[in-house]
Amino acid sequence: MLSATTAAATGKSADLLSYRKINHVVVLGANGAMGLGSGALFTTAVPRVTFLARTKDKADGGLAAAVKMVRSSTVANRVDTGSYDADFDRVVSEADLIFEAVTEQLDLKKEFFDRIDKARRPDSIVATVTSGLSINQLAEGRSDSFRKNFLGLHFFNPPNVIVGTELIAGKETDPKLVDFIDAFCTKRLGRAMVRTADTAGFAGYRVGFKVLNECAILAEEHGPLLIDELVGPYTGRAMTPLATVDLVGWDIHRAIVDNIYELAPDEAHETLKLPQYMADLMAKGVLGRKTGGGFFAKDDAGERIVLDPKTQKYAPKSSLPRPDLDFIDEISNLHRVGRYVDGMRAFAEASGPYAAIAQKVIAGYISYSFHRVGEVTDDISGIDRIMGYGFNWAPPSVLVDTIGLKPTIQMIEKAGLPVPPALANAQEGTTFFDDPQVNVGKFFVAT
Amino acid sequence: MAQVPEVYVLGGYQTDFARNWSKEKKHFVAMMREAVLGALDKTQIEPSEIEVAHTGNFAAELYSKQGHLGAFFLEIDPAFSGLPTSRHEAACASGSIAILAASAEIEAQRYDLACVVGVEQMKTVGAGEGGDFLGTAAWYELEAKGIDFPFPKLFGKLGDEYDKRYGLKDEHLAEISTINYANAKLNPNAQTRTWYMNYDHAMSRDEFNGAVGGRIHISDCSQVTDGAAALLLASPEYAKKWADRVGVPLESIPRVKGWGHATARIRFEDKIAESANAQYVLPHVRSTVTDAQKRAGIADVSGIDAIETHDCFTTSEYMAVDHFGLTAPGESWKAIEEGDIALGGKTPINPSGGLIGAGHPVGATGVRQVLDCHKQVTGEAGDYQVEGAKNAQTLNIGGSGTTSVSFVIGT
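Heads up: the sequence lines are chains U and L, in that order.
When we follow our numbering, the leftmost residue of the first sequence carries the number 59, and every step to the right adds one.
When we follow our numbering, the leftmost residue of the second sequence carries the number 266, and every step to the right adds one.
Heads up, a few of these hints could be off.
Stated by the list, open to error - Taking CB as the label site, the calculated pair distances span: (1) L:G332 / U:V219: 31 to 41 Å; (2) L:G332 / U:K356: 47 to 57 Å; (3) L:G604 / U:D138: 22 to 32 Å; (4) U:E320 / L:G604: 35 to 45 Å; (5) U:K348 / L:G604: 19 to 29 Å.
What the hints contain is simulated information worked out from the structure, not anything from laboratory work.
None of the values given here were measured: they were computed from a predicted structure.
Don't be surprised by glycine CBs; every beta carbon is placed ideally from N, CA and C.
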């Protein structure tokens with residue numbers, strides 16, 4: 059189904075890198091966050107990068123933002139800017155790589171690909187930064203040479219900080235081109251590459267937004283504050299789940315989970331259904347941080363306030379009681395001194411209704427990830443890589459290794475979730491995480 | 266002098282220097298723990314086998330309000346109960362001093378297996394306060410008190426002294442910075458591996474590369490870093506047993522072949538006054554380097570395949586180039602222009618990225634340097650490997666060229 063994992067990382071990179079040359083990249087949608095961030099990244103390895111947007115002013119604005127993002131005026135030394143109307147056909151015909159980062163709408167992207175198909179050289183590469191639209195669907199109706207040279211290259215935002223990157227080949231993409239892009243991104247752009255199947259949300263968003271949406275569902279009964287504490291940093295992440303949804307934007311969250319819910323019904327289907335209260339609030343203009351607040355906000359006096367999904371009203375954070383969560387304090391104190399195994403064993407053993415909620419989400423994350431092997435990636439290490447390098451969450455294998463195989467299985471069983479065969483059939487003492495470059499301790503954040 | 270037993274370097278581990286342990290809300294003992302357990306795991310040694318432990322640390326009293334760091338070793342594993350421990354401090358050379366102490370105990374045949382850990386957690390405070398803490402590595406009252414970022418200014422003066430004696434161009438300092446950042450991109454533990462850098466940026470003088478002290482700009486500086494590194498040092502007896510156990514020939518295990526250690530007066534202007542008529546700008550740094558080479562039985566730098574030097578600023582690496590003997594005094598620029606110090610050059614300097622690229626957790630740096638030399642001479646440096654390296658040398662400097670330590674690590 060998928061080709062073998064990163065050939066680049068294992069040393070044949072010099073051969074692979076000689077397959078194509080990338081001396082000029084055109085970024086479409088260079089005024090958006092992903093476009094300008096990716097554009098800045100390309101300047102580290104490519105002598106000429108053209109920023110295109112609807113107007114030259116917008117492209118110039120993208121360049122200015124790119125300079126600020128990486129804190130170096132020298133980005134501009136390698137960048138020229140232009141507009142779709144005045145410059146599109148010319149620069150696209152000159153480019154070795156056309157990088158599409160326009161708004162995440164199928165029709166709009168197809169319009170662009172139509173134009174690219176007409177203007178590009180037959181040997182140029184076309185990549186889309188889509189985070190979830192189907193690569194095969196995007197390639198439909200395009201010329202032979204387009205389909206052969208087209209792939210998904212999903213950088214995570216902001217790409218100057220987050221190195222995890224998904225690489226998605228279409229049915230007809232030249233396999234040697236896929237190897238080349240893998241090697242180029244690994245060696246020249248410092249990316250941690252993960253090859254995924256052309257499935258909804260690919261690997262990272264499929265697994266990550268399942269967890270985030272499940273937290274949003276649980277928040278309806280328990281409130282966002284409690285859920286973010288239960289599934290907080292101590293469970294293996296830098297940022298709490300619902301604060302992440304606020305940062306990403308509720309509209310983006312909705313587009314991602316709706317897409318997965320529709321196209322990829324799986325054993326955890328209901329956890330991917332957007333809760334009704336979010337849809338109701340979105341109709342009133344609540345989209346998270348970009349509209350001033352979502353699950354969390356600040357009132358006029360600057361005091362932190364928290365959404366009550368039941369009443370759809372906000373209450374001061376200080377007015378919300380914290381139930382007895384001693385087990386979190388205990389685990390957090392163990393993480394603080396580097397005793398992560400003791401901490402996560404205590405997590406698996408914790409009792410009471412609140413611990414059970416947290417255990418169910420984490421058990422669900424592990425179970426869901428392992429069940430996606432063979433569907434979205436060839437092996438668990440692909441999912442581990444994107445969750446670690448892309449989301450900065452403890453990868454599922456790290457959690458299994460840290461908690462221990464048997465306690466992990468027991469936790470999954472207790473949550474009433476399916477135990478993945480890879481875990482059920484493993485011998486005690488088996489370890490799953492296989493990336494020695496990663497300090498696994500960094501994922502277990504104290505509070 | 267009677268023959269002393271050799272000190273073997275079995276291996277070690279460093280934490281990822283890009284991590285911010287304050288953001289992870291962790292105590293420095295977590296860092297010590299990850300480094301020590303990582304070193305034990307890498308070398309397949311049981312905690313109970315360690316006979317003595319040495320910690321290198323500069324200023325935990327200031328950064329974390331905690332002294333007595335040797336004792337924290339016992340928080341790592343129950344098997345360390347009762348272990349003899351100590352903590353060593355010599356500013357940025359603290360890690361190397363800990364290695365010297367551990368080596369001396371092995372040479373004196375007190376112990377067969379020592380663990381050395383260097384550790385510094387620096388992101389507990391803001392840049393200004395941290396800069397002030399670092400000022401205590403100089404003569405604080407005379408050189409640092411009330412001065413913003415005293416150290417860039419002191420090493421700016423080192424550049425000024427080179428300029429006065431021989432001439433110095435910004436272009437050569439920018440090249441040093443560029444090489445260190447480029448090497449860091451090859452090092453999976455380097456702090457700056459994802460940062461945006463190129464020669465033009467190092468030469469730029471706008472708001473993104475402001476001056477921090479005289480000729481020193483941001484791109485000339487090493488980093489504020491949280492990190493720890495651990496090493497296992499052994500006597501020939503233990504090394505032999507270990508070699509049999511892991512199935513490698515004893516001869517393949519790197520040794521501390523030579524060391525140098527010298528101190529100059531703490532105040533920068535006193536050092537410079539002392540060297541006014543000397544061949545080298547910092548004569549005690551020079552003697553540290555040559556002492557280590559002599560003790561290793563190596564005639565000069567041509568016998569060294571790779572160098573991990575103390576580039577706390579580009580000017581300190583510029584100084585190291587001629588002090589190592591890669592060029593005549595004052596001609597460091599020649600080695601830079603010839604490409605000698607770049608990876609793939611005649612004598613690569615800081616293949617790891619050094620303090621500028623890999624990061625500078627003060628008390629851990631000397632240990633990290635020896636660990637990187639160990640990786641080089643065992644062929645385990647991955648993408649930043651210097652092909653065929655047999656002997657690698659460190660230079661670790663505390664203060665403004667005050668306490669210098671150098672090790673030659675080789676097989």
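Outcome of range test on Cβ distance (G332 of chain L, K356 of chain U; 47 to 57 Å): 41 Å Cβ-Cβ, so the 47 to 57 Å window is violated.
Cβ distance range 19 to 29 Å for K348 of chain U and G604 of chain L, holds or violated: violated, 49 Å
G332 of chain L versus V219 of chain U beta-carbon gap, inside 31 to 41 Å or not: holds, 35 Å
Whether the CB-CB distance between E320 of chain U and G604 of chain L falls inside 35 to 45 Å: violated, 57 Å
Beta-carbon spacing of G604 of chain L to D138 of chain U - inside the hinted bounds 22 to 32 Å or not: Check passed, 31 Å falls within 22 to 32 Å.
Checked against the numbered hints given earlier, the structure breaks hints 2, 4 and 5 and satisfies all the rest.
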